[in-house]
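Colleague: Same order as they appear, the protein sequences are chains A and B.
If you number the first sequence the way the working numbering does, the last residue is 365 and the count never jumps.
If you number the second sequence the way the working numbering does, the last residue is 1308 and the count never jumps.
Think of the hints as simulated: they come from the structure by calculation, not from any bench.
All of these numbers come straight from a predicted model, not from anything done at the bench.
Idealized CB from N, CA, C, for every residue including glycine.
Be aware that a few hints might be false.
[To be verified] Pairwise CB distance ranges, derived in the manner of DEER restraints: (1) Q1150(B) - K5(A): 57 to 67 Å; (2) K3(A) - L1167(B): 39 to 49 Å; (3) F313(A) - L1167(B): 51 to 61 Å; (4) I15(A) - K1170(B): 15 to 25 Å; (5) N1149(B) - G35(A): 50 to 60 Å; (6) F205(A) - T1103(B): 42 to 52 Å; (7) L117(A) - H1173(B): 24 to 34 Å.
[Said to hold, decoys possible] Here are the simulated DMTMM-like cross-link-like pairs (lysine to aspartate or glutamate), alpha carbons at most 20 Å apart as the crow flies: (8) K5(A) - D1191(B); (9) K1277(B) - D1257(B); (10) K1277(B) - D1135(B); (11) K1246(B) - D1257(B); (12) K175(A) - D164(A); (13) K5(A) - D1187(B).
[What the hints assert, rightly or not] Heads up, incomplete: computed chain A residues facing chain B, CB under 10 Å, no partners named: (14) P122; (15) A221; (16) N225.
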Amino acid sequence: MEKFKSLPAATRSTIITYAMVVIAFLIMQGLLSVGAVSNSTQGLLVPICAYICMAISLNLVVGISGELSLGHAGFMSVGAFTGVVVSTALAGSGTSGPVRLLVAIFAAGVSAAIAGLLIGIPVMRLRGDYLAIVTLAFGEIIKNLLNNLYVGLDVRGLHFSMSDAASLGMAEGGKVVINGPQGAVGIDMISSFTAGFLLILFTLFVVLNLVNSRSGRAIMAVRDNRIAAESVGINTTKYRLMAFVVSAALAGMAGALYAMNYSAIVPKKFDFNTSILVLVFVVLGGMGNIRGGIISATLLTVLPEKLRFIGDFRMLIYAIVLIAVMLVSNNRALMERLHGLAGRFRKKGRAPSPAVASKDGGDLS
Amino acid sequence: MTRTEGTYKAQAAAAGKRDAAKQRERTKMVPVVTDSIIPERDAGQTILECRHLGIDFGGLHAVEDFNLTVGKTEIAGLIGPNGAGKTTVFNLLTKVYAPTRGTILLDGMDTANMTTDQVSQAGIARTFQNIRLFDTLTVEENVRIGLHNQVKCGMWSGIFRLPRYWLSEKEFHDRSLELLDVFNMADNAGDIAGSLPYGAQRRLEIVRALATSPKLLLLDEPAAGMNPSETAELMEIIRKIRDEFKIAIMLIEHDMDLVMGVCEGIAVLNFGRIIAKGTPDQIQANPQVIEAYLGTQETDDATVRGGR
Ligand SMILES: Nc1ncnc2c1ncn2[C@@H]1O[C@H](COP(=O)(O)OP(=O)(O)OP(=O)(O)O)[C@@H](O)[C@H]1O
Ligand SMILES: [Mg+2]
């Protein structure tokens, strides 16, 4: 314990984050093994894992890089459908489920990274609100493209079309993997809670390691003060793009995990609402606060389900909880009082939590 | 230390560059320092050369026909009234603004097509009039970011913690502490930069700029908001940087004690144009400068000294 306290603050925080995830997983596994988890909650486990990964990856863009992205669900869907196609294509090859899931998630990450790069290059010419609006537009474009995408699989391999299933020109016995607006059907449900847990660990590993490296410091430098970052020789476009693409890749992986938890999935699932939902996880957890994002992703995925018994009122309560938390966390006086309370239980003072501070405006002196 | 016009001319002639010397003469602020003990500060060795530099903002000629040469280890001052265009000159040199006219030669290299980050890599570092630190990061992280182009480690090495990562982190740590140590800030390495007292923030900005291994350091009002003892300390720091790092320094400052105390050559800017160049003594005696900026020293001393 003494040794733990002597570690640098960043290292300590990293260890706590990993420990929190591992302990939560172990507790959940324990509960599962004694049968203390209801069926409906069990059904939520993989989505929670996927949303946690989404929250961590979006935090890289919103919290660490300081850009508002409103199209994150777009990358999730690119990954989701890539994952489904790859896993279906591999189904006949006799590979085991976990291996197929691994390959599918990897492919999903690569394709989402490519999408992130293609979108990021034009988008990184913009900043602030303009960037947010354009990412929103790209998210919708991805959804509409996938709404018109048809993919078939037959003995000759994969077929793609952007008009309808008939034009795939498949041989006898071919199977439509993605059927336009109806999305992917007959998915092999190979995702599992353990896979979700491992993907969370991987996502954490990538984001936390990136943040604590030369590249991550450059990303945060651009966030804190773009002009100063340029003045010390940082290519700001490169590092903003890096955060954006890495985040897209991780979102794609989360998408593949999510999709393969269901037998069917439609492109409409990954629309603007989903992007906003993930953004809410990040903002509620505190921008740049990875641990907070994990907790809020979990709570806000569970809450609507647990409130189902009060019927339509649940969305009202959900909204009230959101507003309350926002008000509290944005009220300086209230926060100070809360910190004061917390301070009584804690001996050592802590450094103020990093907030997104953009000082790009104003004069250049 | 002899810094007479004669020595300079003799050396230029010896170099056999009479025309070049004449050209330099026109834009030179002061006779170049010649000091055989520090050969880097020898005559004719220029680090920065601005020719007919200018920029317009709409109809306003914010800087116009700016000609200036700075020697390799010279401490140069840029002074003038508020709104004269001093900060704009720094923004031009660092390519925060693209010049409308003119050329900038850094160590003989034209910076015309460079961006701000490329200029930094080429060797110009700066501080800002309104402090621009990476507020949410620690003091050490700020310096590490300054070392960005001095120590390399790619994205993949960083994410997957390859050997390159561990080597680079050690180098980042050692070099940033070494630099902080020069300015007695090593004890603050773990503090959040935004929470430092004002004077320390200004010092940290200088350390961060030095971390980029510049050939020319631009300081924009480094003494603003400092008390007299901090200012005196700053003068020592400026001299120390020049002597230890052997680089050129150009500073903007309203505090005349500091400017006259450390600068070897001074250029005075008014309405975007250079109205005078010379040694501190020459500048203080120049009637044009007194009228435009210094005021009558006897009565107006306090306002000048107070600066901004
Ligand atoms: N981006 C800009 N757009 C328009 N005008 C500008 C811009 N930047 C500077 N100016 C104008 O250029 C002139 C010079 O400004 P500058 O900031 O260089 O003055 P300064 O000499 O640094 O003054 P101070 O001593 O107050 O810092 C001012 O009139 C200012 O309003
Ligand atoms: Mg200024």
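Colleague: Compare the structure with each hint and give your call.
Modeller: Evaluation of the provided hints:
no. : hint                           : verdict
1   : Q1150(B) - K5(A): 57 to 67 Å   : violated, 32 Å
2   : K3(A) - L1167(B): 39 to 49 Å   : violated, 24 Å
3   : F313(A) - L1167(B): 51 to 61 Å : holds, 59 Å
4   : I15(A) - K1170(B): 15 to 25 Å  : holds, 21 Å
5   : N1149(B) - G35(A): 50 to 60 Å  : holds, 58 Å
6   : F205(A) - T1103(B): 42 to 52 Å : holds, 49 Å
7   : L117(A) - H1173(B): 24 to 34 Å : holds, 32 Å
8   : K5(A) - D1191(B)               : holds, 17 Å
9   : K1277(B) - D1257(B)            : holds, 18 Å
10  : K1277(B) - D1135(B)            : violated, 37 Å
11  : K1246(B) - D1257(B)            : violated, 23 Å
12  : K175(A) - D164(A)              : holds, 14 Å
13  : K5(A) - D1187(B)               : holds, 19 Å
14  : P122                           : violated, 19 Å
15  : A221                           : holds, 5 Å
16  : N225                           : holds, 5 Å
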